[in-house]
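Chemist: Now for the letters of each chain:
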Amino acid sequence: MAMLEIEGVNKAFGGLQAITSLDLRVEKGEIVSVIGPNGAGKTTLFNLITGVYRPDSGNIQFQGRSIVGKKPNQIVDLGVARTFQNLRLFTNLTVLDNVLIPQHHKLNSTWFSAVLKTPAYRRKEQEMREFALEKLSFFGPRLMSFRLYQPVYVLSYANRRRTEIARAMATGAKLLLLDEPSAGMNPKETTEITQIIRRMRDEGGYTILLVEHKMNLVGEISDRVVVLDYGEKIAEGAYQQVVNDPKVIEAYLGKRVDDDEGASPEEPGLPR
Amino acid sequence: MAADVGVKNKDARNTLLGFLGIAALVLVLLFVQSLATAEDPLRGVAKFNGALTLFAIWGIAAVSLNLINGTLGILSLGHHGFMLIGGYATGLLILSEDARNRILVSGRSTMTERTLGLSVHSWFESLGLDALTTDDTLWLRYLVAIVVGGLVAAFAGLIVGIPSLRLRGDYLAIVTFGFGEIIRLSASTRLFAPLTNGALGFPGVPQRFASDQLLWPFGLLALTVFVMAKLKYSSYGRAMEAIREDEIAAEAMGINLAYHKVLGFVIAAFFAGVAGGLWVSWLGGVRLDFFLFQLTFFFLVAISVGGTGSITGVLLGTALVVFIRQYGDPLEQSYAVSTWAQLVGVVFLIAAGAVIVYRSARRVRPRVHPVVYLLGTAALVAILLGLVAPSFDFWQETFRGFGMRAIFLSVLLIVIMIFRPSGIVGRSEFSWAWVFGERRDQPTEEERAQDAWLTNPELQRRLAGDEENLHSIDGDSKGES
Amino acid sequence: MSGSKLQSAATGRNWIPWLVIGAILLVIIGRILYLGTISERFNAAFFTRAGIESLKLGSLYALIALGYTMVYGIIRLINFAHGEVFMVGAFLTYFLFSGSPYSWPVAALYGLCIAYGFMRVLEFWRGRLTDPLVLVGGAVALLVSTLMLATLTVNLVFALIFSMLLTGVVGITIDRVAYHPLRTAPRNSLLITAIAVSFLLQNAGLLVFTNRQTPFRPDTPINNAFSFTILGGEVRTSWLIVAIPLITTVLVVVLTLFVNRTRLGKAMRATAQDAEVAQMMGVSVNRVIATTFLLGSMLAAAGGAMWGLNFGSINQPAVMGILPGIKAFAAAVIGGIGSLPGAVIGAMVIGFSENFLTAIFPRTPDFRGITEFKDTFAFLLLIFVLLVRPSGIVGEDLSEKV
Amino acid sequence: MSRDGRDKLLELKGVSAHYGSIRALHDVDMVIYPGEMVCLLGGNASGKSTTLKTILGVVRVSEGELYFRGKRADNLSTAERIERGMAVVPENRRIFPKMTVRENLEMGAYLRDDRDAIREDLDYVFELFPRLAERLYQQGGTMSGGEQQMLAMGRALMSRPQLILMDEPSMGLAPLFVERIFEIIKQVNERGISVFVVEQNANVALSIADRGYVLQTGEVVLSGPAQELLHNEAMTRAYLGEM
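Respectively, the protein sequence lines represent chains A, B, C and D.
So for the first sequence, my numbering puts the first residue at 1; every next one is plus one.
So for the second sequence, my numbering puts the first residue at 1; every next one is plus one.
So for the third sequence, my numbering puts the first residue at 1; every next one is plus one.
So for the fourth sequence, my numbering puts the first residue at 1; every next one is plus one.
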C-alpha cells in the first residue's frame, strides 16, 4: 500500500487546465521531488492533496483511503501536513505557539476543562510542549531557548522556513508536503536544510513530497523526481536521468527557435 | 532544578504582587471616592459609584466582544443584540408575578399572542422562581435569571455564529450587524410584545444587584476576565488566535474552523447576555433604547483604543470610555461661541504642536506641512478673536455642545486606527515579568554567544565552500564580451 | 479565460435561490389573486398604487445604494458612513431652502470647515494645498458658505444642486481625512474607521442640525395632488410619484454616461477592475477615489432631499441615516456589489419587498400584517443573499464593475 | 557592438529594492540604449518582475539610482514616468476584462490629449494586430490568451512610448503564438522603440534580442550580447537554479 496514490487527477480553473490526468505514487519512506517551471501546477498539486481544492476528476488516496472531498483539517487528522511556498506562519504568535497550534487537533479535553486547567489537560499541555521541542530540535539549537518566545515576525527568513517545517511536523503527520523549503536561503542554509530533510526521513520516519527550484538540493536528496509542465507529468525517474531529458530542458529553457544548433541541443553537463 | 525553583519563586512573587496591585487599586479608588463624597455628598459619590458599576458591566461586554474581535479576528457588530436578549430574559425572570402578568397577558394582544404569552408564563411559573421574592432569597433568583439570560444569549450566539462559517471580513461584519438589528427591531414588534411589551419595555427590575452594590458587577467581571484569560492561554485560545492570524494556515494545521468560530461566538454571547442582565438591573428596567448599536460602538472603541486582543488593554479602554461618558458632560453644556472658538483653537494648536514634534522626531520633511500652517493660523486667529470677545455681541451667543462626548470618542478611534492600529497597549497583556524586564524572548549571555556562532558569516562562507563559483561565472561572461 | 467560462460560471449555480425566489413570487401572485376575490378595495388601482409607491421607494434606495457600490468597487470598503452622508445631504438641502437657523459666528465656524474641505478637494487637482488657486478657492468657499449658511434662502432646485455639491465635498473630505491614511491597512481597521466616521457624523449632525424631527415641505408644486384612473379605479397620489423616479432615472443615466463615456469615468472602471495596472497606465488612483466619493455623496444628497420630500419630514440626525443607509447597502449587495445596474435592481427589490409586501399582507382582524417587520426584510434578504449567492443578482461575472 | 558613444535611455546604478524586510533586488546595474532590445532572463523568483516594477515605479528603489532619458527618475511617480515615455505590458497580460478592446486601447493613451495622434497610433496598432480591429467592441475578458496578449501590447503602444517594458509575454501561450508575438516585438523594435523583455523562455528571447542580462536571487550574474549568452554553458546552469 502506497503512502500516497494519485490517479488520473484533473483540475481546471475556468478554461485553464492546471493539472491534467496526473498519476503519482509515493511509497513510505521516500523523498519525492516535484519540479517544473513557473505555473506548471506544482502548488496546485499540493492544494489538491491537502484538500484546499477538490479535483474535477480522479482519485487521491492516502494509505489506501480516499481523501477526495475531505476538508483540509480532516486530511491533517489523517496524517498529511504541508508547508506553504510563501510562508503562512502565525506571524504575531511566538515560535512555541506556532508549533503548539498544530497539535491542537489531537487534544481530547473540552474547552471547559482547558479553562479550568484540569490535571488531564495540564498533562496533555506538557506533552504538547515536549513534542514541540522535539520537533524544533531537528534544527539544532537555533529555534530553542530564547527564540521559542520570540514572535515570528522578528525571525530571519531562514528561521521562519525552519519554523514552518517544524510546525508541519508537529501536526503528527506521516506525509509531509514541503513547498520550496529552501526558498530565500543562502547556500549554507540550503546545505543544512538538505541534511535536515534527509534526517527527517531517516530519523523521524517521515515520507516527504517536495517542490523545489534549487536543483542541487533536489539532486542530493530525491529518491525520485517528477517533472511537471503545463499541469502534465513530462518526466519521472532518478535525478540524473530526468535532468538530462531533452523534454525537461526544453520545458525550462523554452523551445529552441534557431535551428543552427542542429537537432541535439547542447548537453548542459550537470554535475553530480 | 534550580531554574524550576526560580520559576516557582517568581510565580509566587507575581501572584503576591498581583494581589497587592489590586489592593492598591481598591485603596486608590476608595480614596477618590472619599474625595468625590467630600466635594458633593450626593451627586459625587453616586456618580463615582455609577462609573465603577458601568466599568464593570461594560467591561464584561467589552472583554467578551474581544474574544470575537481580538482573539478570533472576526469583526462582530451585533453585541448589543446579545445583550438585549440577556437583558430581556433576566428582566422577565426577576420580575414579580403581578408585573409579569401585566406584560405577558396584555389585554391588547390577540388570542394567539395571549396563548403564547400564557404558555411562556406557565413555563416561568414552573421554574419556581416566584417563591424567591424575599430580600434574603432574591439574590438566588437573580443568579438564576442571569445565568439563564446568558444561556439564551449563547443560543443566539450559536445562530449568529453559523454564517461566520461561510463569510469573511466585512461581509461577516455586516451580517452580525444585521442580526443585531433584527433582534432589536423584532423585539419592538407586536409579535414579541407579549414578552417584551413592545418598545416601551417594562420597569421594575430590582436595582440593588448592580446599582446599589459593587459585588455583583465586579464579581462577574472577575469571573469573565478569569475565563477569558484562561481560555486565551489554553490550547483553544491558541487555536483561535491561529484563525485570526491566518485562516488557511490554521485549517492546514488541522484546526476545525467551524467549531472554534462558533465556540467563540457562543462563549462571547454568553457573557454578553450576563452583561445585559446586569445592565437592565443597573438601569432598573428594560427598554428597547437601552440596547442601541452605540453600545457595540462603545465596546469597539474600548477594544480598539485599549489594545485589540489584550484583556488588560480592553479593560483600560473600557475605563477610558466610561470616564468620558460619566465625566465628559462639561463638554455637552452651553458656552459662549467665543469659548468654543477658543477651545477648538487650543485643540488645533496642541494637535499642530504634536504633529511638529512627531515629524521632527521622525525626521519627516517638511517638518511643518502646509495643512499645519493653515490650521495653526486659523486656531491662533480663533483664540485671539475669543480674547476680544466682549467687544462683539455675537461672540456672546451661547451654543450647546450636543453629542461632543460621542464625537470625542469617534475622533479618538479614528486617530488610533490611523496612528496605532493595534491600540495603546497592543496585543500583549500586562505582566509583572514585563515590569521587571524579565523577557524570555531575549537571549542570555551564553545564548547570545551561541547564536553569534551560528550566524557567523566567516563560518558560513567556509561551510558553503562553492561561493567562488558564482564569481567565476560572472568573470567568464565579462571576459567573453 | 474564454467566453464559455463566463457563461458556465453564470449558469452553473445551484438552484436553491431560484426555488426560493420562485416560491416567493408564487405566494405574491396567489395573494394578489386571493385579495381580488375577498374585497372591492383590492382593485387594479390598489395594486398600481402599491406598485408605484414601491418604485418610488426603490428609486430612493437606488440613489444611496449607488454610492455604496461605487466605493466598494474601487477600494473594497463598506462605507458605513454613507447613510450619514445621505443625512447630511437632506439637512443641507433643508437649510438651503428654508433659511438657516445660524447666526453669523456659528455660520462662520461651519464655513471654515466647509472651506477647508473644499481646499482639500481642490488639492487633488492642483497638487498642493498652498497653490494660489486652492487658496483663492478656499477663501471664496469660506465667504460663500458663510453667507449661504447665515442668510441665503434659495428655491428647491438650487438648494438641491448646492447641497449635492457641498455633500460631495463632505464625502471627499471623509475619504481624505479618515480613509486615505489607511489604504494599505487591514480591512478590519478600515471598516472600524468607517463605523467611527459614521458615529462621528451622527453626532456632528446632532451638534450642527439640532436634534429634532424636521418638517421638510418646500413651497413647490411638486407636492400637489395628482391622480389618474386605471381599469376603472382612481389612483390618488402626488406629483412626487412622477418626480422622484424621474429624477433618479436622470441621475442614474447621467452617472452611467459619465462612467462609460468620459475619460475619468473610464479610469474609474479601470481602477475598479485592476488598480495596479490602471496605475501603470498613468491613472492617478487617488484622484479616481476622490471622484468616486464625490459622485456617491452627490447622489446620496439627492436621495436625502427626495427622502425628505417624500415623507414630508426628516428624522433626527442621529438616526436618520442608519436604516436607509443599511437598507441601501443591502440593496447594493443583493444586486451584486460593485455593479451599477445591480445597485438599482437591488434597490427595487428592497423597495418592493418593503412596500408591496406590506401592502398585500395588510392588517386584518385575525392577522396583524407584516408592517412591523418591514425594516427587517432588508436584513433578512441581505443575509440570505450573502449565504446563498454572495455575488448578488447581477453577479460579478456579468456585471460591469465600477 | 559598442554603444558607448550614445546616450543611455535607461540606466540602473546599483539599484536595490525591498519587499518589507526582504531584499528582492541587490545592487543591480543595467543599461538600455535607444532603439535596443534587451532581455532579462532568470529562473523562478529571481527578481525579474521586481526589476520591471522598480523601473516603472510600482516598487520603490531603496538604494541606488535610476536614470531615464538622462534624468534622475527614481523619485518620479508612475504616471510621470509614463508621460516621459515608458509603457508596460504587464505579466499575465492583465487587460481590463470588463472593458471593450477599444476602451482598453484608450486606457493606454490615458495621459495623452492629442486626438489626431491617438488616432494615428490606433491605426498603427490595428495594422500590427488586424485581429483587434475586428473585435473592437468585444469585452477584453472574453478573448483568448493570445488575443489578450496582442491587446496588452497594443495598449502599451498607445502611449507612444520610447521604451516598452514587457513582463513574460510568452507566459501561458502556445509555442506557435510565442513566435508570432516575438516577431511583432521585433517589428515594434525596428520602429525605433526600445524594448525591455523579461522572459523565462530564454532561447526565444535571446534569439531576437541585442543583449541580455541574467538575474539570480536578485543579482545580475551574467550579462552580454545575446548571441554569446545563447551559447553559454554557465547560463544554462544558472537558469536551472543550479547554484
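Wrong hints could be hidden among the right ones.
[Unchecked claim] Ranges between beta-carbon positions, derived for each pair:
hint : chain 1 : residue 1 : chain 2 : residue 2 : range
1    : A       : Arg65     : B       : Leu215    : 53 to 63 Å
2    : B       : Ser334    : A       : Leu116    : 18 to 28 Å
3    : D       : Pro225    : C       : Leu257    : 46 to 56 Å
4    : B       : Leu165    : A       : Lys28     : 48 to 58 Å
5    : D       : Gly20     : B       : Pro330    : 41 to 51 Å
6    : C       : Val154    : B       : Leu214    : 41 to 51 Å
7    : A       : Glu130    : B       : Ser431    : 17 to 27 Å
8    : B       : Tyr259    : D       : Gly20     : 26 to 36 Å
9    : A       : Asp223    : B       : Glu447    : 30 to 40 Å
10   : D       : Glu134    : C       : Thr249    : 58 to 68 Å
Note that these hints are calculated values from the structure, not bench results.
All residues carry an ideal CB built from backbone N, CA and C; glycine is no exception.
Chemist: None of the hints should be skipped; say for each whether it holds.
Modeler: Results for each hint:
no.	hint	verdict
1	A:Arg65 with B:Leu215: 53 to 63 Å	holds (57 Å)
2	B:Ser334 with A:Leu116: 18 to 28 Å	violated (55 Å)
3	D:Pro225 with C:Leu257: 46 to 56 Å	holds (54 Å)
4	B:Leu165 with A:Lys28: 48 to 58 Å	violated (35 Å)
5	D:Gly20 with B:Pro330: 41 to 51 Å	holds (46 Å)
6	C:Val154 with B:Leu214: 41 to 51 Å	violated (58 Å)
7	A:Glu130 with B:Ser431: 17 to 27 Å	holds (24 Å)
8	B:Tyr259 with D:Gly20: 26 to 36 Å	holds (34 Å)
9	A:Asp223 with B:Glu447: 30 to 40 Å	holds (38 Å)
10	D:Glu134 with C:Thr249: 58 to 68 Å	violated (36 Å)
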